[in-house]
Amino acid sequence: MTLHVDIPEETLAGILAKAFRNRSFLVGFVITALVGAVAVLSYAWTPYDVTRLVISDKTLAPSWAHWFGTDHFGRDILSMIMVGARNSIAVALVAVGIGMGVGVPLGAFAAARGGLADEALMRLNDLVFAFPALLSAIMITAIFGPGAINAIIAIGIFNIPVFARVARAGALAIWPREFILAARAAGKGPTLITIEHILPNIATLLLVQGTIQFALGILAEAGLSYVGLGAQPPMPSWGRMLFDAQTRMVVAPWMAIFPGMAIAVTVLGLNLLGDGIADILDPKSRRQR
Amino acid sequence: MSLLEIENLSLSIGDTPILKGVELAVAPGEVMGLVGESGSGKSMTALAVMRLMPFAARASGRVAFDGIDILAASEDQMCALRGDDIGMVFQEPMTALNPVKTIGEQVAEGIRWHTKASRAEAEEQARKILDRVGLPSAKFPLSRYPHELSGGQRQRVVIAIACALKPKLLIADEPTTALDVVLQAQILDLLRDLVAENRMGLLLISHDLAVVTAMADKITIMRHGEVMEAGDTARTLSGQLHPYTRQLAQASMHVPARPRPHTAGSARPLLQVDGVTRDYPGRRSSLFRRAAPIRAVDDVSLSIEPGQSVALVGRSGCGKSTLARMILALDKSTSGTIRFSGETITGRSEAELKPARRDMQVVFQDPYGSFDPRQKVEKLVAEPLHVLDKKPANAERRELVAHALHEVGLGPRDMDKYPHEFSGGQRQRLSIARAIITRPKLVVADEPVSALDVSIRAQILDLFAELNQKLGIAYLFITHDLTVARAITDEVLVMHEGRIVERGKTGAVLDHPQSEAARALVRAAPDLHRAIARRLQEQG
Amino acid sequence: MSAYLLKRLIIAAATLVLASMVVFAVLEIIPGDPARLMLGMNASAEQVEVLRNQMGLNAPLALRYLHWAGGLLSLDFGRSYTYSVPVIDLVRERVVVSLPLALIALALSTAIAIPVGLFSASRRGRAGDAIAMGVAQFGVAVPNFWFALMLIYLFAVWLRLVPAGGFPGWGAGAWPALKSLLLPAVALALPQAAILARVARSALIEVLNEDYIRTARAKGMPYRAVLWRHALRNAMIPVLTILGLQFAFLLAGTIIIENVFYLPGLGRLLFQAITQRDLIVVESVVMLLVAAVIAVNLLVDLSYAVVDPRLRSRQ
Numbered sequence: 001m002t003l004h005v006d007i008p009e010e011t012l013a014g015i016l017a018k019a020f021r022n023r024s025f026l027v028g029f030v031i032t033a034l035v036g037a038v039a040v041l042s043y044a045w046t047p048y049d050v051t052r053l054v055i056s057d058k059t060l061a062p063s064w065a066h067w068f069g070t071d072h073f074g075r076d077i078l079s080m081i082m083v084g085a086r087n088s089i090a091v092a093l094v095a096v097g098i099g100m101g102v103g104v105p106l107g108a109f110a111a112a113r114g115g116l117a118d119e120a121l122m123r124l125n126d127l128v129f130a131f132p133a134l135l136s137a138i139m140i141t142a143i144f145g146p147g148a149i150n151a152i153i154a155i156g157i158f159n160i161p162v163f164a165r166v167a168r169a170g171a172l173a174i175w176p177r178e179f180i181l182a183a184r185a186a187g188k189g190p191t192l193i194t195i196e197h198i199l200p201n202i203a204t205l206l207l208v209q210g211t212i213q214f215a216l217g218i219l220a221e222a223g224l225s226y227v228g229l230g231a232q233p234p235m236p237s238w239g240r241m242l243f244d245a246q247t248r249m250v251v252a253p254w255m256a257i258f259p260g261m262a263i264a265v266t267v268l269g270l271n272l273l274g275d276g277i278a279d280i281l282d283p284k285s286r287r288q289r
Numbered sequence: 001m002s003l004l005e006i007e008n009l010s011l012s013i014g015d016t017p018i019l020k021g022v023e024l025a026v027a028p029g030e031v032m033g034l035v036g037e038s039g040s041g042k043s044m045t046a047l048a049v050m051r052l053m054p055f056a057a058r059a060s061g062r063v064a065f066d067g068i069d070i071l072a073a074s075e076d077q078m079c080a081l082r083g084d085d086i087g088m089v090f091q092e093p094m095t096a097l098n099p100v101k102t103i104g105e106q107v108a109e110g111i112r113w114h115t116k117a118s119r120a121e122a123e124e125q126a127r128k129i130l131d132r133v134g135l136p137s138a139k140f141p142l143s144r145y146p147h148e149l150s151g152g153q154r155q156r157v158v159i160a161i162a163c164a165l166k167p168k169l170l171i172a173d174e175p176t177t178a179l180d181v182v183l184q185a186q187i188l189d190l191l192r193d194l195v196a197e198n199r200m201g202l203l204l205i206s207h208d209l210a211v212v213t214a215m216a217d218k219i220t221i222m223r224h225g226e227v228m229e230a231g232d233t234a235r236t237l238s239g240q241l242h243p244y245t246r247q248l249a250q251a252s253m254h255v256p257a258r259p260r261p262h263t264a265g266s267a268r269p270l271l272q273v274d275g276v277t278r279d280y281p282g283r284r285s286s287l288f289r290r291a292a293p294i295r296a297v298d299d300v301s302l303s304i305e306p307g308q309s310v311a312l313v314g315r316s317g318c319g320k321s322t323l324a325r326m327i328l329a330l331d332k333s334t335s336g337t338i339r340f341s342g343e344t345i346t347g348r349s350e351a352e353l354k355p356a357r358r359d360m361q362v363v364f365q366d367p368y369g370s371f372d373p374r375q376k377v378e379k380l381v382a383e384p385l386h387v388l389d390k391k392p393a394n395a396e397r398r399e400l401v402a403h404a405l406h407e408v409g410l411g412p413r414d415m416d417k418y419p420h421e422f423s424g425g426q427r428q429r430l431s432i433a434r435a436i437i438t439r440p441k442l443v444v445a446d447e448p449v450s451a452l453d454v455s456i457r458a459q460i461l462d463l464f465a466e467l468n469q470k471l472g473i474a475y476l477f478i479t480h481d482l483t484v485a486r487a488i489t490d491e492v493l494v495m496h497e498g499r500i501v502e503r504g505k506t507g508a509v510l511d512h513p514q515s516e517a518a519r520a521l522v523r524a525a526p527d528l529h530r531a532i533a534r535r536l537q538e539q540g
Numbered sequence: 001m002s003a004y005l006l007k008r009l010i011i012a013a014a015t016l017v018l019a020s021m022v023v024f025a026v027l028e029i030i031p032g033d034p035a036r037l038m039l040g041m042n043a044s045a046e047q048v049e050v051l052r053n054q055m056g057l058n059a060p061l062a063l064r065y066l067h068w069a070g071g072l073l074s075l076d077f078g079r080s081y082t083y084s085v086p087v088i089d090l091v092r093e094r095v096v097v098s099l100p101l102a103l104i105a106l107a108l109s110t111a112i113a114i115p116v117g118l119f120s121a122s123r124r125g126r127a128g129d130a131i132a133m134g135v136a137q138f139g140v141a142v143p144n145f146w147f148a149l150m151l152i153y154l155f156a157v158w159l160r161l162v163p164a165g166g167f168p169g170w171g172a173g174a175w176p177a178l179k180s181l182l183l184p185a186v187a188l189a190l191p192q193a194a195i196l197a198r199v200a201r202s203a204l205i206e207v208l209n210e211d212y213i214r215t216a217r218a219k220g221m222p223y224r225a226v227l228w229r230h231a232l233r234n235a236m237i238p239v240l241t242i243l244g245l246q247f248a249f250l251l252a253g254t255i256i257i258e259n260v261f262y263l264p265g266l267g268r269l270l271f272q273a274i275t276q277r278d279l280i281v282v283e284s285v286v287m288l289l290v291a292a293v294i295a296v297n298l299l300v301d302l303s304y305a306v307v308d309p310r311l312r313s314r315q
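Residue numbers (the numbering used here), protein chains in the order written: chain A, 1 to 289; chain B, 1 to 540; chain C, 1 to 315.
A few of these clues could be false.
Claimed, not checked - Straight-line Cα separation of at most 16 Å, EDC-like style, residue types lysine to aspartate or glutamate; simulated pairs: (1) B:Lys379 x B:Glu396; (2) C:Lys7 x A:Asp244; (3) B:Lys101 x C:Glu210; (4) B:Lys101 x C:Asp211; (5) B:Lys379 x B:Glu399; (6) C:Lys7 x A:Glu178; (7) B:Lys332 x B:Asp274; (8) B:Lys376 x B:Glu343.
Stated by the list, open to error - Derived Cβ-Cβ restraints for the label pairs, each shown as a range: (9) B:Ala257 x A:Gly114: 19 to 27 Å; (10) B:Ala73 x C:Thr241: 35 to 43 Å; (11) C:Ser2 x A:Leu93: 43 to 51 Å; (12) C:Leu161 x B:Glu148: 55 to 63 Å; (13) A:Leu93 x C:Thr241: 21 to 29 Å; (14) C:Thr241 x B:Ser150: 23 to 31 Å; (15) B:Arg283 x C:Gln276: 28 to 36 Å; (16) A:Thr191 x C:Thr241: 26 to 34 Å; (17) C:Leu161 x B:Ile68: 56 to 64 Å; (18) C:Arg312 x B:Gln247: 29 to 37 Å; (19) B:Arg283 x C:Leu18: 41 to 49 Å; (20) B:Glu124 x C:Phe138: 26 to 34 Å; (21) B:Arg283 x C:Thr241: 18 to 26 Å.
Read the hints as simulated data drawn from the structure, not as lab findings.
We treat Cβ as the ideally placed atom computed from N, Cα and C, and that holds for glycine.
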């Protein structure tokens, strides 16, 4: 029995139809869109002003007035979660941008050139992989002091080898294909071939990896701001809210529960979205079904 | 009584019917050939007998093996049958063995499972069967891993696994399709002997009518999930009563018309290869040592005249594809020179190669892998226009593509489609359209028809012949299939272990090969004419 | 030794050297004079200069690096600016908390993930698989330090089964110490196990589609037996890769989790050192953790060779 493993190209309508039948894509898309919408909305409106401290209202339990309760300064948790979404999304998005922007060209270049350039890139990857984002953040903080920018740089640096690796592996799988030989026989050089043939064929891979790194970025940012290496007060951030909640677990557990759920739901949405995209566009998963 | 009896077997996956009322019977000790083109359902029939179909498959009808109703049997009963009473050999030897287990473990495993023999006994038995399939203990101890074996040797291991317990029925699904002709002949001989020794029934599945004719007592021909014709091999193929049988047989032996064959000795050669050698660095054995370099192509010289069609034949790994890549300037030669239209192309920069690239194009084997799935036909077929000094404007480009498509029998509307919307044969037409769009003088075709079904293959060979006659394009056909060489070329070069060992007029070389390598190729090549004649003699 | 193993060893060593250069370079660009920091603002310029000479801060860059790196090799990390004790002593008393924590978490997550992966792969598409993977999907999304807070709330505040934090030390006996590491280890392990179980499942399913699985089935072996004997070992290769990558996350997680549970481990030491700007301690601990990541990745590379004979061969 012969199975032809190829990358079937499909019409946009076909892909959309499949997307609507894919449950993880749909759920993931709805959650992600919702979180994004809340973040955008927070610029225009929040239930309460997060910069105003109302000490008389401190650590109020969830009620109709404060759906998620208030914190130790009397700030509305729901409003803070809405504003915090901005920070999480911005940091994770820019970090993915840095990772893709630097990593993908590096990986594609290494695959196209091979030999010494490839070896050098892989060794550089090993080096960066030896520094988990938290350690990079610690070192950067040691130099420049704490701040949201540090988190972006640290997570971004960690994303670079991830994307370089994915781009390289994807490109290496495409390079030996006969249509690349055909392009070379037409006199096209490595750069042109990479732009015309390689990148469009690994775009799906990169998109899926992008959603995964986005989700990981949100988790990492929360971790960094939890230990004080990310966004600094008074800027609300999900991780910082959890730090504030820690010592007040007994009196105000809602201070911990809701920001954590915000993180989990956002990451869940992104992961489902990534799974869905992979399912829809990856011919391998289709073959298995 | 039959050993295997399939009655009215229908099978569908989801809403797609795969098999429709298949009837087939194999008697003990009988060789049944099951022939069909891709999508005919022949592999699915075999998997149904093993009950190893995909999970989603739904089967109805009756499959009886040795009195057991296969479709109704419990999974435990099936496990007892598989590997013990029914053995199976698969198409792709490179992936059929577990890479992390030794060949000894893999052969002994089935023996231990079924006979409850001790490890030592099972290994002793495994040793015997490996010796029998031609893997002697001196060179192939049980502790060998699959990656240390060649494709032919791995297929022998798979056969050893299937035959270890002397099954009553052996199913071989395209067992030699992934191997070159010489290996194919060896594996077929081995199967024939094993079947005769143990009076096994053999269900041999193949797309190759010549292979089946040479092996099988009876033949069943399938198409689109239905049996077209079945009967004694000799009578079925000599009579050719069923139109589809006739069509298959004729396509297998098809020779395209070329009213004006090339006459040698004309003007100066189009392509001139002088003493070309290609070494690949040996594998690193440690950080500081490398094995001696491997010489893939060894001091090869040849020339092709304008309009001439030349075949380069040889076993797999003989260096023919490497040579082709050097001619196409896709690989660098270690020494020697290649001249095209009088210009040296070895050691030239990409810019200097432009004129040569314009006049020299390529067609690859795999009609699925040779197109970027993300681009439309217009862009794909127009790709070689990149080498023109003056890039054509959009309208002119569409014009050129439409013309090229027309020449290969496709319409201008195909321009806006993606490659996946075409069948295998149509894609190979697209490949050819891409190759001729710059009006080249030479087309290098690397196994251009070996992935195609016979009827499609005949059409593509016709197209090659027609373009040669109409446009005067010279061909270098790289192939392991002597029928293709015979059908479409004027001259043959026989390559063996990196060297060209014989050359001459196609008919002369193939009818009276001089070198040992050429004789081995000709002897091993399946030939439908010869096979039918021999069958007729045997079966009367 | 095969070329593969030798190459991996050399690469690991080279990465370690490069990483130490990076860490050293960071130490160099950091503003502030360690000698001034140790002596305080009131010290005279002469005093500082004497100390600088004593600490070797006036030597050329390359020499200072070699001195520092040589010190690392002989476990001499220098003296803490704030505590004025050898850094190695600080590290030694913290490692006995962090290392057991990381190892318990790693063992726990593997012990959970592999059986779940096997279970799901063998029941692919059925209810059991769907439930297991649904739970895993949530597990991947939950930040471990939040999960830790919830565990504290549930088991320590509500049920009062385990201490909410702190560490009695190994001197008080193994059980109380282990008990206080239990909750942090679970908090670390479960999210990691979720990731690993997903990887194990998809690796198994990928392997189950291979031709050699069909060959094994054609031998007459039942599906379960094939899963254990043929699929599992081949699926270990991607699982090992993720395990290696996860160790880096696990270390980072340990550092954070220690803060949640007030465990006196390397993580606490690191954050105290940052707030006190005790750079030599920061540098030393970072270097130690980086070395651990590199060592684990080397271990993963070596275990590939155990699993896959193609990497063992001398050819």
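Results for each hint:
1. B:Lys379 x B:Glu396: holds, 13 Å
2. C:Lys7 x A:Asp244: Not OK: lysine 7 (chain C) and aspartate 244 (chain A) at ~48 Å, beyond 16 Å, violated.
3. B:Lys101 x C:Glu210: holds, 14 Å
4. B:Lys101 x C:Asp211: holds, 14 Å
5. B:Lys379 x B:Glu399: Between lysine 379 (chain B) and glutamate 399 (chain B) the Cα gap is close to 12 Å, so the pair holds against 16 Å.
6. C:Lys7 x A:Glu178: The hint is violated at about 32 Å.
7. B:Lys332 x B:Asp274: Holds. Lysine 332 (chain B) to aspartate 274 (chain B) sits at ~14 Å (cutoff 16 Å).
8. B:Lys376 x B:Glu343: With a Cα-Cα distance of about 34 Å, the restraint between lysine 376 (chain B) and glutamate 343 (chain B) is violated, given a limit of 16 Å.
9. B:Ala257 x A:Gly114: 19 to 27 Å: Since alanine 257 (chain B) and glycine 114 (chain A) have Cβ atoms about 46 Å apart, the given range 19 to 27 Å is violated.
10. B:Ala73 x C:Thr241: 35 to 43 Å: holds, 41 Å
11. C:Ser2 x A:Leu93: 43 to 51 Å: holds, 44 Å
12. C:Leu161 x B:Glu148: 55 to 63 Å: Holds: the Cβ-Cβ distance is about 56 Å, inside 55 to 63 Å.
13. A:Leu93 x C:Thr241: 21 to 29 Å: About 27 Å separates the Cβ atoms of leucine 93 (chain A) and threonine 241 (chain C), which means 21 to 29 Å holds.
14. C:Thr241 x B:Ser150: 23 to 31 Å: holds, 29 Å
15. B:Arg283 x C:Gln276: 28 to 36 Å: violated, 55 Å
16. A:Thr191 x C:Thr241: 26 to 34 Å: holds, 31 Å
17. C:Leu161 x B:Ile68: 56 to 64 Å: holds, 59 Å
18. C:Arg312 x B:Gln247: 29 to 37 Å: violated, 52 Å
19. B:Arg283 x C:Leu18: 41 to 49 Å: Violated, since arginine 283 (chain B) and leucine 18 (chain C) (Cβ atoms, about 28 Å apart) do not stay within the stated range.
20. B:Glu124 x C:Phe138: 26 to 34 Å: Because 53 Å falls outside the window, the suggested range is violated.
21. B:Arg283 x C:Thr241: 18 to 26 Å: At roughly 24 Å between Cβ atoms, threonine 241 (chain C) and arginine 283 (chain B) fall inside 18 to 26 Å, so the hint holds.
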